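K.L.:
The primary structure of each chain is shown beneath.
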Amino acid sequence: MAEVLVYVDHVDGAVRKPTLELLTLARRIGEPVAVALGNGAADTAAALAEHGAVKVLTADAPEFADYLVVPKVDALQAAYEAVSPAAVLLPSSAEAKEIAARLAVRIKSGIITDAIDLEAGDEGPVATQSAFAASYTTKSRITQGTPVITVKPNSAAVEAAPAAGAVEALTVSFSEKATGTKVVSRTPRESTGRPELTEAAIVVSGGRGVNGAENFSVIEALADSLGAAVGASRAAVDAGWYPHSNQVGQTGKSVSPQLYIASGISGAIQHRAGMQTSKTIVAINKDAEAPIFDLVDYGVVGDLFEVVPALTEEVKARKG
Amino acid sequence: MSLRIVVCVKYVPDATGDRHFADDLTVDRDDVDGLLSELDEYAVEQALQIADEADDAEITVLTVGPEDAKDALRKALSMGADKAVHVEDDDLHGSDVMGTSLVLAKAIEKTGYDLVICGMASTDGVMGVLPAILAERLGVPQVTLLSEVSVEDGTVKGRRDGDAASEQLEAALPAVVSVTDQSGEARYPSFKGIMAAKKKPVEALELDDLDIDADEVGLAGAWTKVDSATERPARTAGTIVKDEGEGGKQLAEFLAGQKFI
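Just so you know, the sequences run in chain order A and B. Quick note on this note's numbering: the first sequence kicks off at 1277 and runs consecutively. Quick note on this note's numbering: the second sequence kicks off at 1038 and runs consecutively.
Keep in mind that the hints were calculated from the coordinates and are not lab data. Bear in mind that the values here come from a model prediction, so they are computed numbers and not experimental data. Treat the hints loosely; a few may be bogus.
Claimed, not checked - Taking lysine-lysine pairs in the PhoX-like style, the calculated list, with each CA pair at most 25 Å apart, reads: (1) B/K1279 x A/K1562; (2) A/K1453 x A/K1384; (3) A/K1453 x B/K1194; (4) A/K1453 x B/K1143.
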């Protein structure tokens, strides 16, 4: 069976969920060979093996952390040359997309980004994507070279599929260009203790109607009662009420959770682009004419400062 | 010596319009008004600010696109860019990111550059990988997705806000930069700027001028193929209630029914 390279997104050896989802998709096409780079790379092996990786190629060097993107491209290219895979899959993080694109140029392959599904086809893997603010669904494939495809979070279920997961050291020689862009300093984001926005099963978002940074505590309280991530519309972020890292929409994150709760969000195209593939959508808004209500499975026309706290209390009571 | 800045911009269908695919599954440009991609306005703005700080700088805006793409160039010129380059050729229709990036890279090299600035993504394709591909093709450092950028003594510095961390980056020029919508509000063209833009030079280039063969670009030369595009069915109308004091409770009932609580 053909091998499929899977680029691993991990934090000091802890594999992030989108990579495990990627292994589910990779197994539809061939045998997953994982590539883990940087600090803690070898520690990823157990989780990757449990989810279907037949092999885990690892490399660690200071270059991966000290310089932007290119050292990882060099390493992935070395893995590509060692394995000659049928496809190369990466998660759709900002960094992994850039790695994918540069690799594709080097190996003279087409690239598809932000797939939401992937299946085997007669002429190579077929990727499903959303287009035009999720108003279209397209199916595409790569016609030149080895397919390089990045896949969005929540595109597949994580499945246990134990495999050997044998760890092998990957030999990487860095190109002259690898040290072109220096990472002078790195400030980790403070953890909120909430789930990652793009990976969360439930997202609770606030918009213009929240009317102030201090009022976001109402949104956060509901999110915490549901174990949800917190999102914000561009209006709320531009007003400085919530960090840009939480923005849902065309220029922020695009999310596809099981449940999306929009509070005080009108539903402009810019926002809809980032959330309208959510499975179940709920909105609370004062304005009965707000376009968000065209998308909802359940909507409440009312004051979010009445409805959201009442919902939070009800959720807490029911969860006991 | 003058700092040569090239800003890559894209002419896109208005995202607030009703966008469609054409019969050949490329972006339909006929039914929806086109304009300068909003995310590229941030790139033009940062170019103008960097040029202001430099002793001597020249900003060229570059686009690859059909005749109407001149509108995007005019907008950038009216914001304050100095000149424009428009690569237009019938054989370019249907190019994917590999084709487009090849043309841009050749046009950038022909124009001459110290700094290339791009937006974070286009508002139609939204791949967000073109700047990285340009850096790879040009063989220069990539300093991308910056919320803050500055140039000093032949070095470009910037802040990249990622999911896990915020990074301070640094690279020697020449380099390729991309900026996010957090980099600073783009200016509106002034009346004077709009009038001046009409007199600024727009150089027209074809594939021949860039030594690119027709089969390297366009729909036929693309390395990806869209097999189908299906309009997403409208979501079925949901239940909408007016809060009469019980809205929170009703919502909880709904969520419990869907097994969320």
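K.L.:
Could you run down the list of hints and mark each one as holding or not?
P.N.:
Results of checking the hints against the structure:
1. B/K1279 x A/K1562: holds (9 Å)
2. A/K1453 x A/K1384: Distance of about 18 Å is within 25 Å: holds.
3. A/K1453 x B/K1194: Given that 25 Å is the threshold and the Cα spacing comes to 18 Å, the pair holds.
4. A/K1453 x B/K1143: Holds, at about 20 Å.
Checked against the numbered hints above, the structure violates none of them.
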